[in-house]
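Visitor: Single-letter residue listing:
2 protein chains.
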Amino acid sequence: MTLAAPQFTSDADLLGAMLAMGARAREASRLLSNAGPVRRTRALELMSEAILAASETILQANALDMTAGRSKGLAPSMLDRLELTPARIRAMAEGVKTVAALPDPIGTVLESWKRPNGLEISRVRGPIGVIGIIYESRPNVTADAGSLCVRSGNAVILRGGSESAHSSMAIAGALRSGLRQADLPEDAVQLVETTDRAAVGHLLSGLNGALDVVVPRGGKSLVARVQAEARVPVIGHLEGLCHTYVHSGADLDMAIAIILNAKLRRTGVCSSTETLLIDARVAPTYLPKIAGALIEAGCELRGDGRARSLCPMKAATEDDWRTEHLGPILSVAVVDDLDGAMAHIATYGSQHTDCIITRDNRAAERFLAEVDSAVVLHNASTQFSDGAEFGMGAEIGIATGRIHARGPIGAEQLTVFKYVVRGDGQVRPL
Amino acid sequence: MTLAAPQFTSDADLLGAMLAMGARAREASRLLSNAGPVRRTRALELMSEAILAASETILQANALDMTAGRSKGLAPSMLDRLELTPARIRAMAEGVKTVAALPDPIGTVLESWKRPNGLEISRVRGPIGVIGIIYESRPNVTADAGSLCVRSGNAVILRGGSESAHSSMAIAGALRSGLRQADLPEDAVQLVETTDRAAVGHLLSGLNGALDVVVPRGGKSLVARVQAEARVPVIGHLEGLCHTYVHSGADLDMAIAIILNAKLRRTGVCSSTETLLIDARVAPTYLPKIAGALIEAGCELRGDGRARSLCPMKAATEDDWRTEHLGPILSVAVVDDLDGAMAHIATYGSQHTDCIITRDNRAAERFLAEVDSAVVLHNASTQFSDGAEFGMGAEIGIATGRIHARGPIGAEQLTVFKYVVRGDGQVRPL
Numbered sequence: 009m010t011l012a013a014p015q016f017t018s019d020a021d022l023l024g025a026m027l028a029m030g031a032r033a034r035e036a037s038r039l040l041s042n043a044g045p046v047r048r049t050r051a052l053e054l055m056s057e058a059i060l061a062a063s064e065t066i067l068q069a070n071a072l073d074m075t076a077g078r079s080k081g082l083a084p085s086m087l088d089r090l091e092l093t094p095a096r097i098r099a100m101a102e103g104v105k106t107v108a109a110l111p112d113p114i115g116t117v118l119e120s121w122k123r124p125n126g127l128e129i130s131r132v133r134g135p136i137g138v139i140g141i142i143y144e145s146r147p148n149v150t151a152d153a154g155s156l157c158v159r160s161g162n163a164v165i166l167r168g169g170s171e172s173a174h175s176s177m178a179i180a181g182a183l184r185s186g187l188r189q190a191d192l193p194e195d196a197v198q199l200v201e202t203t204d205r206a207a208v209g210h211l212l213s214g215l216n217g218a219l220d221v222v223v224p225r226g227g228k229s230l231v232a233r234v235q236a237e238a239r240v241p242v243i244g245h246l247e248g249l250c251h252t253y254v255h256s257g258a259d260l261d262m263a264i265a266i267i268l269n270a271k272l273r274r275t276g277v278c279s280s281t282e283t284l285l286i287d288a289r290v291a292p293t294y295l296p297k298i299a300g301a302l303i304e305a306g307c308e309l310r311g312d313g314r315a316r317s318l319c320p321m322k323a324a325t326e327d328d329w330r331t332e333h334l335g336p337i338l339s340v341a342v343v344d345d346l347d348g349a350m351a352h353i354a355t356y357g358s359q360h361t362d363c364i365i366t367r368d369n370r371a372a373e374r375f376l377a378e379v380d381s382a383v384v385l386h387n388a389s390t391q392f393s394d395g396a397e398f399g400m401g402a403e404i405g406i407a408t409g410r411i412h413a414r415g416p417i418g419a420e421q422l423t424v425f426k427y428v429v430r431g432d433g434q435v436r437p438l
Numbered sequence: 009m010t011l012a013a014p015q016f017t018s019d020a021d022l023l024g025a026m027l028a029m030g031a032r033a034r035e036a037s038r039l040l041s042n043a044g045p046v047r048r049t050r051a052l053e054l055m056s057e058a059i060l061a062a063s064e065t066i067l068q069a070n071a072l073d074m075t076a077g078r079s080k081g082l083a084p085s086m087l088d089r090l091e092l093t094p095a096r097i098r099a100m101a102e103g104v105k106t107v108a109a110l111p112d113p114i115g116t117v118l119e120s121w122k123r124p125n126g127l128e129i130s131r132v133r134g135p136i137g138v139i140g141i142i143y144e145s146r147p148n149v150t151a152d153a154g155s156l157c158v159r160s161g162n163a164v165i166l167r168g169g170s171e172s173a174h175s176s177m178a179i180a181g182a183l184r185s186g187l188r189q190a191d192l193p194e195d196a197v198q199l200v201e202t203t204d205r206a207a208v209g210h211l212l213s214g215l216n217g218a219l220d221v222v223v224p225r226g227g228k229s230l231v232a233r234v235q236a237e238a239r240v241p242v243i244g245h246l247e248g249l250c251h252t253y254v255h256s257g258a259d260l261d262m263a264i265a266i267i268l269n270a271k272l273r274r275t276g277v278c279s280s281t282e283t284l285l286i287d288a289r290v291a292p293t294y295l296p297k298i299a300g301a302l303i304e305a306g307c308e309l310r311g312d313g314r315a316r317s318l319c320p321m322k323a324a325t326e327d328d329w330r331t332e333h334l335g336p337i338l339s340v341a342v343v344d345d346l347d348g349a350m351a352h353i354a355t356y357g358s359q360h361t362d363c364i365i366t367r368d369n370r371a372a373e374r375f376l377a378e379v380d381s382a383v384v385l386h387n388a389s390t391q392f393s394d395g396a397e398f399g400m401g402a403e404i405g406i407a408t409g410r411i412h413a414r415g416p417i418g419a420e421q422l423t424v425f426k427y428v429v430r431g432d433g434q435v436r437p438l
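Respectively, the protein sequence lines represent chains X and P.
Just so you know, the first sequence maps onto residues 9 to 438 in this note's numbering.
Just so you know, the second sequence maps onto residues 9 to 438 in this note's numbering.
Treat the hints loosely; a few may be bogus.
All copies of an identical chain are treated as equivalent in the list; a pair is satisfied when it fits inside any one copy or across any two copies.
[As the list claims (entries may be wrong)] With a straight-line Cα cutoff of 25 angstroms, these simulated SDA-like cross-link-like pairs (lysine to any residue) come out:
#, residue 1, residue 2
1, Lys105, Arg436
2, Lys322, Gly217
3, Lys122, Ala76
4, Lys105, Arg50
5, Lys228, Arg374
Hint data in this document are derived by calculation from the structure and do not stem from the laboratory.
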């Protein structure tokens, strides 16, 4: 194994190396954008095969990360996210193959129209250009992000977490070898190999114009740093403070099934429900049953005064309404009605994913129209808020910002449009 | 006239007042978003009528700005941009009426699909939320920006230039009175009335989360300040360094007509051509004729060595290729071929608007696909790069960034999508 990350003796050296990466990425993005869909698909297939072919190398690299992680005392949940197995590597290669099978988004005509003067105007999809992705422990993000960027004609500069440094290098090496085999520039996928945290600062500065957008994917400290330092557009992912609202018209059995899944299927994901809102009209009969099912499944409940008058549970503090528990803890509030539920979500939500459970379609349609979140659901688990579940093949995160794209970011969301205007000598009147 | 702008004795007072504006804008945006298309259309019609009804007030306010501008020694071109006349006020009211007639973009289903598990997923257009617009001298931007934001269900906080402060206040007052008459919150359109430059800094900080995006519209010093200070997403407008390329397959008469228009129709707009590229195969016969027509029309030419060997003109410096002349000056370079032209544009262009003139459709299609600018044209003047010319009714600028939207920003570009998911009790498998 000769995977030791290069370290730099001065910040100027590091910056120089990163600016050179940026320049290579810019050139690679031009070539990849113009290569056409067939060659991009072939490259993705070869990238998938290259991951399988590199299984041994990836496992050895991952073993180095796991040893280092254990000696650093990483939590078991972190170690689990970090660990690669032959099955997980096969799943990673399968994921890249799925992205290879997705429709190529580049060149799609989104709309076209003709002006009275004869000009034909089209809005055409194209790549963003060069994308920087900053992420934390899970090494499979390297493969997801790399493949989605290639599918969308973008070059990418990846900056993984130091815990997964060896694994990410091995995976990025495989992706680059697939690109080479397809006769496309390997620099369409580059990994910042140093674990020096100054590298994140350079990415956030935009590498002198070489980066068109940065996508951070990580915990609160990363998000805070991005918000403070970024001098380049950001497609951001804040927290997922998701709500499930049991309306007075809800079916009780459906409500129990959805809430158990929305809270407990996985508690560490951003789409897990953190707060249950229940309508005052059904709370006396429904809440004891819902609470019973949750408690039996190992969930701790923290309720407001009205919830606790119906069911024994811990008192919720003001902080609980704002907390992404990311564990088997659920905040519970009784609300007067649909407006009360929407007001609670507007005050405390993170505009990520929110759900209403009801048989009353008029109430559902008001909720879907008026709750201003990236994903709003009617009668389905919040944990469906996911690129693969939406049919996008993969995702590099769930955007919670308000421009460009909201919700799962797949290949199509890594594009932008330009206008193509075809004339026959038109000049503009004075 | 009692239009004096309030000034604040401390920055904390100013910040407090602006945070209060932000909170009012947030609430107004919620009401406007949920008001529905019919009420937004009615509001826009009433806003248009209110501008006409306030003509006298607006003219008086404008006279104050003109007097101040003259005593400050503003250039005649600036004074012309600043001046309002009854005809210009009627045009402004007409512009708002045009926006009232545009289709309402909110609630449009962009795409929908059904998943194998029965979930029905739609991508639905909605407003961005609260938009901050920072602009310079022309007071009519107040009406364009205010009306486009109302059409798209967004609240807006406007910060005009100090030169047009009184005019903007009078116009904003009319827009707000139209909103009131439509029983919609007047705070959907607010104007920062103080001319204190610290107000721009507060807008760029995002007003504590109240602003979702800032749109700067102005010269280089504003753009530089936005790039240095913005802590909120920006839909930016950099300069328009536009090229027109005369390919070897161009029709000479068409080339002359387009270049005269692209350079000289108006020289102070961002879509005017700044550099003429001409193919070496036709330069010896075409350039003298094109140059003759331009010089006769009063345009100064600055050429590279090859251009000057064909036609007498001033020598272009390296700086000229990077300069938005914004006047009757044109840089001229002879290029070897299509690839040479595209390489020049990639090196020096600002990804705003670029044009190819040719009868060779294969060359044109390569140019349209590979030149990575917000607007690319074939056989038409670059000065068509404009929201009204594209059929958008109006625009608040031409975006030169690479996320969210490129090119003219109209009502539709002030929206974003969310996902609406309709289920019947689905839960996500483990």
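Visitor: Within a copy, between copies, both or neither: where do lysine 228 and arginine 374 come within 25 angstroms Cα-Cα?
Guide: Neither way: lysine 228 and arginine 374 sit 32 angstroms apart in one copy and 45 angstroms across, limit 25 angstroms.
Visitor: When no copy is named, should lysine 122 and alanine 76 be tagged within, between, both, or neither for a Cα gap of at most 25 angstroms?
Guide: Intra 62 angstroms, inter 45 angstroms, cutoff 25 angstroms: neither.
Visitor: Is it within a copy, between copies, both, or neither that the alpha carbon of lysine 105 lies no farther than 25 angstroms from that of arginine 436?
Guide: between (49 angstroms within a copy, 23 angstroms between copies)
Visitor: Between lysine 322 and glycine 217, at a C-alpha cutoff of 25 angstroms, which is it: within one copy, between copies, both, or neither?
Guide: Neither. Shortest intra-copy (52 angstroms) and inter-copy (32 angstroms) distances fail the 25 angstroms Cα cut-off.
Visitor: How would you classify lysine 105 and arginine 50 at a CA-CA limit of 25 angstroms: within, between, both, or neither?
Guide: within (10 angstroms within a copy, 52 angstroms between copies)
Hint check: violations occur at hints 2, 3, 5; the rest are consistent with the structure.
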